[in-house]
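Residue numbers (the numbering used here), protein chains in the order written: chain B, 16 to 422; chain V, 16 to 422; chain F, 16 to 422; chain C, 16 to 422.
Everything labelled a hint here was simulated from the structure, so no lab data went into it. Check before you lean on any hint, since a few could be wrong.
Put simply, identical chains are the same to the list, so a pair is met inside one copy or across any two.
The calculated DSS-like cross-link candidates involving lysine-lysine, where the alpha carbons are at most 25 Å apart (straight line), are [unchecked claim]: (1) Lys311 - Lys275; (2) Lys288 - Lys223; (3) Lys416 - Lys275; (4) Lys416 - Lys24; (5) Lys265 - Lys350; (6) Lys219 - Lys155; (7) Lys168 - Lys416; (8) Lys155 - Lys272.
4 protein chains.
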Amino acid sequence: MFPKTEEVKVMRDPVHGYIHVEYQVIWDVINSRWMQRLRRIHQLGGANMVYHTADHTRFSHSLGVYEIVRRMVSEVPDIDQALSEEEKVTVMLAGLLHDIGHGPYSHAFESISNRSHEAYTCDIIIQDPEIRTILESCQKGLAEEVADVIRHKSANPLLPQLVSSQLDADRMDYLLRDAYFTGTKYGEFDIERVLRTLRVSDGKIVVKESGTYAAENYIMARYHMYWQVYYHPVARAYECGLLKLFLRLKDLMEEGKMPKTIPAFTPLLKQEKLSLDEYFALDECACNYGFELLCKAEDPIVRDLASRLLNRNLFEYQENNAAGNRKIRALLKQKGFDPRYYFGKDEARQRPYVPYSRTGSEGIWVRMHTGEILELSQASNIVNALVHGQERSDDRVFFPKEILENK
Amino acid sequence: MFPKTEEVKVMRDPVHGYIHVEYQVIWDVINSRWMQRLRRIHQLGGANMVYHTADHTRFSHSLGVYEIVRRMVSEVPDIDQALSEEEKVTVMLAGLLHDIGHGPYSHAFESISNRSHEAYTCDIIIQDPEIRTILESCQKGLAEEVADVIRHKSANPLLPQLVSSQLDADRMDYLLRDAYFTGTKYGEFDIERVLRTLRVSDGKIVVKESGTYAAENYIMARYHMYWQVYYHPVARAYECGLLKLFLRLKDLMEEGKMPKTIPAFTPLLKQEKLSLDEYFALDECACNYGFELLCKAEDPIVRDLASRLLNRNLFEYQENNAAGNRKIRALLKQKGFDPRYYFGKDEARQRPYVPYSRTGSEGIWVRMHTGEILELSQASNIVNALVHGQERSDDRVFFPKEILENK
Amino acid sequence: MFPKTEEVKVMRDPVHGYIHVEYQVIWDVINSRWMQRLRRIHQLGGANMVYHTADHTRFSHSLGVYEIVRRMVSEVPDIDQALSEEEKVTVMLAGLLHDIGHGPYSHAFESISNRSHEAYTCDIIIQDPEIRTILESCQKGLAEEVADVIRHKSANPLLPQLVSSQLDADRMDYLLRDAYFTGTKYGEFDIERVLRTLRVSDGKIVVKESGTYAAENYIMARYHMYWQVYYHPVARAYECGLLKLFLRLKDLMEEGKMPKTIPAFTPLLKQEKLSLDEYFALDECACNYGFELLCKAEDPIVRDLASRLLNRNLFEYQENNAAGNRKIRALLKQKGFDPRYYFGKDEARQRPYVPYSRTGSEGIWVRMHTGEILELSQASNIVNALVHGQERSDDRVFFPKEILENK
Amino acid sequence: MFPKTEEVKVMRDPVHGYIHVEYQVIWDVINSRWMQRLRRIHQLGGANMVYHTADHTRFSHSLGVYEIVRRMVSEVPDIDQALSEEEKVTVMLAGLLHDIGHGPYSHAFESISNRSHEAYTCDIIIQDPEIRTILESCQKGLAEEVADVIRHKSANPLLPQLVSSQLDADRMDYLLRDAYFTGTKYGEFDIERVLRTLRVSDGKIVVKESGTYAAENYIMARYHMYWQVYYHPVARAYECGLLKLFLRLKDLMEEGKMPKTIPAFTPLLKQEKLSLDEYFALDECACNYGFELLCKAEDPIVRDLASRLLNRNLFEYQENNAAGNRKIRALLKQKGFDPRYYFGKDEARQRPYVPYSRTGSEGIWVRMHTGEILELSQASNIVNALVHGQERSDDRVFFPKEILENK
């Protein structure tokens, strides 16, 4: 029913060895312009300011998620047997397309545009003429079904679990991929063993008891990657700079003094919903070019903030506390920096694993040799300790290093 | 004399473990805007169309070359002893800055602009106010000395050999780095052993006899990387597309019909020497944004060629031969494609190692246990066989795949 | 004072790249017969019955520990400055020699011989004519000084910390080495970062705050290696078989029916202190040959137990509980197996990290950016959670699988 | 027909990730005492004297060869389709058992016993009661069929090609495995690509044209491993020592003065065919124990040679040439060493690839995109150059280093 490519297509990938494609519809989606656009969106906007080799893109991550889903539905016997071919193709497509609506600089832009990338993702899958045509001409209704996996509305609850849950292809790929491209070992975990010990019980993905160590290992990988990479203060300093630049632009726009830059920034600043064509144009190349234009703006604050981003002259940071903040505010004033644009706060908090989250996504389940199914923190002393330990947080303020002496 | 940073700065790098910086002048150059601009130039423009993870940049390569030079001058006893501190700092800076003048899309742009990146490199080092100030305020004359290493005019002939010769830090880094980021193993060779067996004899870098295998291995790594990555026909198809788009733009410009795009393309097409400011602006982000604008141009050929680059709808290719070419030309005519813009030729040729090159750069030297110094092809049967074997070439024509049936 | 080798000697090692030797005394000790004997003692007796590639020896581990100590005393500035050349050579020798007294099959033999390998280690260093001569002819008193490091009696308390503490070269090497040779990733941690963040404060080795993640990672590596490798039930089944065979031999000896085997087993069974010559002969080759002879013994129990070890026909295992044990005992009786030789118990317990141990060895110390020195569990939420979480244990009984149906 | 295990059994292996077993007959053979005996035979007897981590055994190599054959017959579509289930099981067993007749210390013992390990291999498969029973009770005639694959007499000529040809599972495993356990990179090649490009044409295994680079890479890996590992002069010095010890024992035996050692040496020295039971007992543990006994022999030459092997006090070596040899002979005489036992010669020669060998095993075949089938040296310039280049040889003499001054 689902046509295959003449022979299996393979793309070399350092994380998975090869990405294997055997369905024509997968191949066609990969070659669509929206997928190719992901080559112009970094996976780790901000963190590549700390890890200079972290230049990998949402495109390679998307292929990686697809590949893990493909392995799950073909190499894990329980999942293989539980799904029809249509469901398998649907969930592989969902893995491939789950980030198609991602904008530049990861999550920082979402707070500017005030619209989640998941919302754009479903819009693109359902409305973009090219992708819609590829999917619908393959199977009537496929576009909606793929979107349903992403918005957790599939008839079969197994499908969303593969793509987006506490132990899903998305996280597995990004931990491994981000570890590889940053050069840290922290994100490594034993994906082979995780895949080998996956089972299906009562419509739920579970890990066999003998996979408990691998699951613990994966939780620890998450924990370490968050603090060492994703929440690294330099990455957050970059994001703070982005937010401050857009705040200044917004203020100027309201005063009718918007400087010359790329047109796509305007609807973004107005927090209007961008058309798909406008959104398409808003990749990181366009943004960087926009910043380059802003480096020549009349407004000195815009010029300064834009050039800080481009030339990696990022904000300095320190712990958020009243005494320290007072001192910084005094220095800012003294050196003539407007704190509205030159003083930022950001608190990162994380618990490596939360058994039951508010979003309804459940924990990781372990099937003991007795047949009993336990939530991971009940099966693992280590995870239990983490769940009941103190939540870790890192609360910082950001400011230009020029206010400090000797810098 | 050369001030050091407060403590050794390290940057994690998956190829070398860490990049170590202990001189303030190195650190300041890394933080200059021209160096940071290299974050927006891919190391392998074109080849990342084949290898989807090859998103690494000239910035990380430049750090890698610097690191190898740093190890050479500090860990290879003969080199350590042969050089003064000033020479060491100079050659490390030359390693760091050797690609500072690189434009977008690797070597393809050089043929459009008709000016080599090396020429820009020396201009930037000597003329850019920021870099010049960093260097000259550290040591009078340092900018010229660094440039001299790059243009092979150093008083001490050892310095250029470290950065640019048949067995230099530049090639060592790019082989290892490109192998890592493409995920191929072909570029791997035993750099630890190469470094351990380097010696200085009569002002020349030589390899001890016991390093011959490692040198053979390195030559084979070069050979395989050229054919598997750098000369991959898909990478060349991308470059062919670039050349065709610029050819069309040039023709339109001469007709006074230049479409709207980024301003920096104009002097490029006129083959005028760009000012450093114009050249600075010409990174890959700007080019991609320029192509995005061209996707909306009035001219259908420009629109088509620009969108092929952005959306990776690249040219098809086959062997260059008279009969095949006649057939393609007929098909192009039939489908209405102008061969001036839709038919390209490219021949890649390579010999993995040439004992004596025309540019005066010499071969690799091996010091036998007898003390005798042999050129590598005399010391190694394998390399000797390669030198006297047939040169390998790959001669292709490129054209839109739409002219073929079933595609 | 301490003569160096003509040039630095290197031995390739997959875990550390190379082992580097520059002192003649180190080189001479490596070439001594007691060191070479360690080539005939596996690092993981028992665990190589589970992990079929875990054939690495105490010899390569000893070189690895030496190499880490060498890096500590030369690459960690604080340690480099805190120690004299004599102390450096002493502690490198202690790292190299710390396992010289190890007998076959890891710790199982210690419980048979009732004498710790550390006691033999000091005896060998002080009394073996070859090693003593190498050390004493290098520096008067060196043998005692090296032994003092191992028995924690050094004048400088820094020395024993490098070789044997909660964060020492011994554990660092075995985690990395056992991970490499078993093919598990669990033991990997970022040794480069650990070494880079080591400092000396008040005569104590501490980790800088920025190394906390690496220390956490190392604690987790320990935890996982214990449960996945060292305490694997199959490894413990092998050790149980060893103990049972020696129990039977002891019983027979007391009855005057000792079967023919290698002579060295006799003093072992009598729990007499072996002479160094007797102990030297007792490597794993000799033991295996002894077991081969026992496979032809008259006593059927000896024959059976010896052949189980050699041919890897190991005991089956299950949880230790009263009901299960009753069932096993009944089956043993039914099938004619004497439970004295065919029923074993073993409980493995481990806490991944204990802040203050009874042996007086202290915890891991972290120097915060404020200068304050905290014990690791105070500096790390993760480790704190582990310390206060439940101790993990695994309590098993072992018996011949032949008593179970269908096996 | 061929019963499967309850679930797929896996064994972790650092070279292949996991070894997968799904047939009961494979599992039973792995657990046989002859297979387990291979745990006591090193893969690289001699070379582990140079590479101190090369302690891997014929057991893990045999599992690796089995795993590659398993992948060939299940993952390469052409092979999968060309073979019946019986043929697949047969050839997997042949891969597993191909080294079952290997004696200690690799090939050195063959020249002592004057009988090839292949001859023993077939004897064991056909005659050993345990293995024969496992095979025959699975399928009548299976033992002979497995032996036929090994002795190149299979009805289907494809089967021996998988196990033993110029591009076979045996070589692929040992190159990768020996590279991993020595820690050299030389033996690495892209096995994934080789497997992906294998095809069957006219009953022959061929490589698709796009696999040519991978095949070149594999040939180079062979070349480098031979010279860097297998033919390393220190490994050959160890083998020379072995041969000299056995020569002395033989001379003594003829004089009726055979010293006390393990009984199995006697038939070996008499070059009698050992019974399977005698051969079984002759593992490396027994040999080492035999050498330990010989260290206490009355004959000083035996004592000396045996202790050189055990304590790695190996022969020195230099180039074989008349002038040098005369000097050595004079020194030997002067120091009282009998050259019959203290002077050895050994010439290693190798061509990395021979298109047509005398043993009738053919070259590697490449299927071009035109359909034409070329021998590898015709398809690859590099291999062609190697085939027509000079054969490399290394001709050495070995002698005790005590005759040299300053050693």
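| List of violated hint numbers, smallest to largest | 2, 3, 6, 7 and 8
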